[in-house]
Amino acid sequence: MEPIYLDNNATTRCDPAVVEAMLPFFTEHFGNASSIHAFGSEVGKALKKARGQVQALLGAEHDSEIIFTSCGTESDSTAILSALKAQPERNTVITTVVEHPAILTLCDWLEKEGYIVHKLKVDKKGRIDIDEYKSLLNDRVAIVSVMWANNETGTIFPVEQMAELASAKGIMFHTDAVQAVGKIPIDLKNTKIDMLSLSGHKLHAPKGIGVLYLRRGCRFRPLLRGGHQERGRRAGTENSASIVGLGVACELAMQHMAEENTTVKALRDRLEKGLLSQITHCFPTGDVSNRLPNTCNIAFEYIEGEAILLLLNKMGIAGSSGSACTSGSLEPSHVMRAMGIPYTAAHGTIRFSLSRYNTEAEVDRVIEAVPPIIAQLRKLSPYWTDKGPAASPEAAFAPTYA
Amino acid sequence: MWEYSDKVREHFFQPRNSGPLEDANGIGDVGSIQCGDALRLMLKVEPETDIILDAHFQTFGCGSAIASSSALTEMVKGKTLDEALKISNQDIADFLDGLPPEKMHCSVMGREALQAAIANYRGEVWSDDHEEGALICKCFAIDAVMIEDVVTANNLNTVEEVTFYTKAGGGCASCHEGIEEILAKVKASRPGMGETSPPAACPATPEAPKPPAKKLSIVEKIKKIEEVLESVRPMLQRDHGDVELADVQGKKIYVHLKGACSGCMMEAATLGGIQQKMIEALGELVQVLPSSHMPVEA
Chain X
0 MEPIYLDNNA TTRCDPAVVE AMLPFFTEHF GNASSIHAFG SEVGKALKKA
50 RGQVQALLGA EHDSEIIFTS CGTESDSTAI LSALKAQPER NTVITTVVEH
100 PAILTLCDWL EKEGYIVHKL KVDKKGRIDI DEYKSLLNDR VAIVSVMWAN
150 NETGTIFPVE QMAELASAKG IMFHTDAVQA VGKIPIDLKN TKIDMLSLSG
200 HKLHAPKGIG VLYLRRGCRF RPLLRGGHQE RGRRAGTENS ASIVGLGVAC
250 ELAMQHMAEE NTTVKALRDR LEKGLLSQIT HCFPTGDVSN RLPNTCNIAF
300 EYIEGEAILL LLNKMGIAGS SGSACTSGSL EPSHVMRAMG IPYTAAHGTI
350 RFSLSRYNTE AEVDRVIEAV PPIIAQLRKL SPYWTDKGPA ASPEAAFAPT
400 YA
Chain W
0 MWEYSDKVRE HFFQPRNSGP LEDANGIGDV GSIQCGDALR LMLKVEPETD
50 IILDAHFQTF GCGSAIASSS ALTEMVKGKT LDEALKISNQ DIADFLDGLP
100 PEKMHCSVMG REALQAAIAN YRGEVWSDDH EEGALICKCF AIDAVMIEDV
150 VTANNLNTVE EVTFYTKAGG GCASCHEGIE EILAKVKASR PGMGETSPPA
200 ACPATPEAPK PPAKKLSIVE KIKKIEEVLE SVRPMLQRDH GDVELADVQG
250 KKIYVHLKGA CSGCMMEAAT LGGIQQKMIE ALGELVQVLP SSHMPVEA
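Quick mapping for you: the protein sequence lines, in order, are chains X and W.
When you number the first sequence by numbering that gives the first Met the number 0, it's gap-free, plus one each residue, and the end is 401.
When you number the second sequence by numbering that gives the first Met the number 0, it's gap-free, plus one each residue, and the end is 297.
If you are wondering where the hints come from, they were derived from the structure by calculation, not from laboratory data.
Since the model is a prediction, treat every value here as computed from it, not as a measurement.
Ideal Cβ placement from N, Cα and C applies to all residues, glycine included.
Just so you know, not all the hints are guaranteed correct.
With a straight-line Cα cutoff of 35 Å, these simulated DSBU-like cross-link-like pairs (lysine-lysine) come out [said to hold, decoys possible]:
1) W:LYS184 to W:LYS166
2) X:LYS386 to W:LYS43
3) W:LYS137 to X:LYS206
4) X:LYS313 to W:LYS6
5) X:LYS84 to W:LYS186
6) X:LYS124 to X:LYS386
7) W:LYS6 to X:LYS378
8) W:LYS76 to X:LYS378
9) X:LYS206 to X:LYS123
10) W:LYS43 to X:LYS378
11) W:LYS76 to X:LYS313
12) W:LYS222 to W:LYS250
13) X:LYS118 to W:LYS186
14) X:LYS378 to W:LYS85
15) X:LYS111 to W:LYS184
16) W:LYS43 to X:LYS313
17) X:LYS111 to W:LYS186
18) X:LYS111 to W:LYS137
19) W:LYS78 to X:LYS386
Not close to chain X: a few residues of chain W, all C-beta gaps over 10 Å, as computed [claimed, not checked]:
20) GLU123
21) ALA172
22) LYS220
23) ILE278
Please work from the sequences and hints to get the whole structure.
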């Protein structure tokens, strides 16, 4: 049985065209783009082309606004640390409670270093309160960093509006868009977004390549200093093969943008409807009416996510979970907790994230496979009886917690 | 994700004794906050003999929680209550051919459910005696609460001391930042420990070793050495290791590290700990070395 990959928000398969474009850069085009000889200049031209392809996907005004980095995390760290370094008179960062750890862990560390971090709360659907945000904008804020779309639920944030508000107060705005780029149209030149992070491996390019978009004129301090690569804004020899691959992936993403929002979306909706209609006591999480077209996150109550994933894996189906067990952390997903989802449901959240490689046949196989797995695990659950959830489950089973 | 043993997988995919047990007369409901997992263990105990006739479980939890529950029910069946109470969480993990360090708390939860169920049968109230915190040292599965308690109780000041007392940080060393943060936190909360605090002068052993009045005879010395080794053996045996005296050559004491201790990445810390005790007991500087370092006889 062919395995079914529904974990595209974690990482994606490299498109074969991407791999093909990359291969010569390991062999005949191995030169260093900085070199004056022909070996180098070939690579230099390829990097320029790739930069243009990324620029096009992001709708950036200039190709020099594209800085290649090693990953999304590096882009995030570069953006926030740059804003703080370039504006020493400003000591505050505004972000949200549902950001990726690439932002949250950095912000926690910044707090220890004495900076002030405001994390915007979210409601039950994972939406921020724009009035709370407005009230926090002042001349001590160095940067606002809000994800374009949430990796777990796919919920889309109003980053364009938020960037306008920040800009009106002279505050830099960064968005971690690693989940959004390639899935929804982006046109940066018509926004007030100053910086944006993207990660190649989320859009069918290889791992180990990322981009920081930096609006021309935005004050900047590099994270890595050294050579003059990326106009001195990110030293280190260019990862030329991966940059070329990312360029091709961006071009393909442009071509497939409509498909992403029609075909892939329809598959996602089919999957979600199929599961919700067959399984009781489960619900989709996040802002269902305003989310990425490929993402569906369902909380299956009274069971635990890792157990679901292990059984799915046995059937050749790959998803991911917000359960604490799959991350090795104390708490279930901070995103689920931030939305106020109870523990008994948060532990049983499963994210299915699709791509243009998925098919209707695959989706139908998943719709068939999941219900028996849920039933099997519920049979083991102390919150469940053979007639459904125990009457007032929290009272029926109230363990002593250690 | 995790590397589960075949035995864990088997007990997860085909759990034994799952579901309610109608005529259970001992029920234990416990949870591990570490993972949000929770377990109900149901025992059917024969009152005349105290023998566990049947055991069932219901678990809200991950793969290893379900496997640990299943293993536990298999392990306790046919045992008397007193025999069952001897089962440690390590026994449960061993039964499953081991658990990943992040998942050891699943076996702890199993043992707690057993204690709770037996207490319930005996009409007692079980209360948990320990608290779990965030996992700091993944090599030895040591959590933040344990490190903080030990740091506070023994007035520790350095990562090395924490490793010596808890093993935490003695493996890959990637958790040293986390340990330093706990040290800083405890230090900040110590009363009267401000700028005037004295330099970390090994407060763990407040009494300096008193040198014996006269020089020990070789027999006395070896006796003392054996006493020290005896005192550390239970600790090592708990981790499935052991130690034995190999030879004494002047100031060098050679020992055989056995079982899990041999080849353990904590070998240096273990020997360091023994050496410290030797120096205190003998009142002279000695070096404790593994027997593999013994000079080869010509």
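Comparing the hints with the structure gives:
Restraint check: the Cα-Cα separation between W:LYS184 and W:LYS166 comes to about 20 Å, which is no more than 35 Å; the hinted pair holds. Restraint check for X:LYS386 and W:LYS43: satisfied, since their Cα atoms lie roughly 24 Å apart, inside the 35 Å limit. Between the alpha carbons of W:LYS137 and X:LYS206 the distance comes to roughly 26 Å, so the proposed pair stays at or under 35 Å and holds. Our distance criterion of 35 Å between C-alpha atoms is met by X:LYS313 and W:LYS6, whose separation comes to about 16 Å.
Among the hinted pairs, X:LYS84 with W:LYS186 is consistent with the structure: their alpha-carbon atoms are about 31 Å apart, no more than 35 Å. Proximity of X:LYS124 to X:LYS386 is assessed by CA-CA distance (about 30 Å); at most 35 Å being required, the pair is judged to hold. Restraint check for W:LYS6 and X:LYS378: satisfied, since their Cα atoms lie roughly 21 Å apart, inside the 35 Å limit. This hinted pair checks out: W:LYS76 and X:LYS378 have alpha carbons roughly 22 Å apart, not beyond 35 Å.
Restraint check for X:LYS206 and X:LYS123: the C-alpha separation of about 33 Å stays at or below 35 Å, so the hint holds. Taking the CA atoms of W:LYS43 and X:LYS378, the gap is near 20 Å; set against the 35 Å cutoff, the hint holds. Straight-line distance between C-alpha atoms of W:LYS76 and X:LYS313 comes to about 30 Å, which keeps the hinted pair within the 35 Å bound. Taken as a hint, the W:LYS222 and W:LYS250 pair is honoured in the structure, with Cα atoms around 15 Å apart against an allowance of 35 Å.
Taken as a hint, the X:LYS118 and W:LYS186 pair is honoured in the structure, with Cα atoms around 29 Å apart against an allowance of 35 Å. Only pairs whose Cα atoms come within 35 Å are accepted, and X:LYS378 paired with W:LYS85 is accepted, the gap being roughly 30 Å. A distance of roughly 12 Å separates the Cα atoms of X:LYS111 and W:LYS184; the hinted pair therefore holds under the 35 Å criterion. A distance of roughly 34 Å separates the Cα atoms of W:LYS43 and X:LYS313; the hinted pair therefore holds under the 35 Å criterion.
Simply put, X:LYS111 and W:LYS186 have alpha-carbon atoms about 16 Å apart, close enough for the 35 Å limit, and the pair holds. Between X:LYS111 and W:LYS137 the CA atoms are separated by roughly 24 Å; this keeps the pair inside 35 Å, and the hint holds. Between the alpha carbons of W:LYS78 and X:LYS386 the distance comes to roughly 33 Å, so the proposed pair stays at or under 35 Å and holds. Listed as outside the interface, W:GLU123 is consistent with that label: its C-beta sits roughly 13 Å from the nearest C-beta of chain X, beyond the 10 Å cut-off.
Every CB of chain X is more than 10 Å from the CB of W:ALA172 (nearest about 18 Å), matching its label as outside the interface. The claim that W:LYS220 lies off the interface holds: its Cβ sits roughly 46 Å from the closest Cβ of chain X, which is beyond the 10 Å cut-off. Listed as outside the interface, W:ILE278 is consistent with that label: its C-beta sits roughly 38 Å from the nearest C-beta of chain X, beyond the 10 Å cut-off.
Going through the hint list in order, the structure satisfies each hint without exception.
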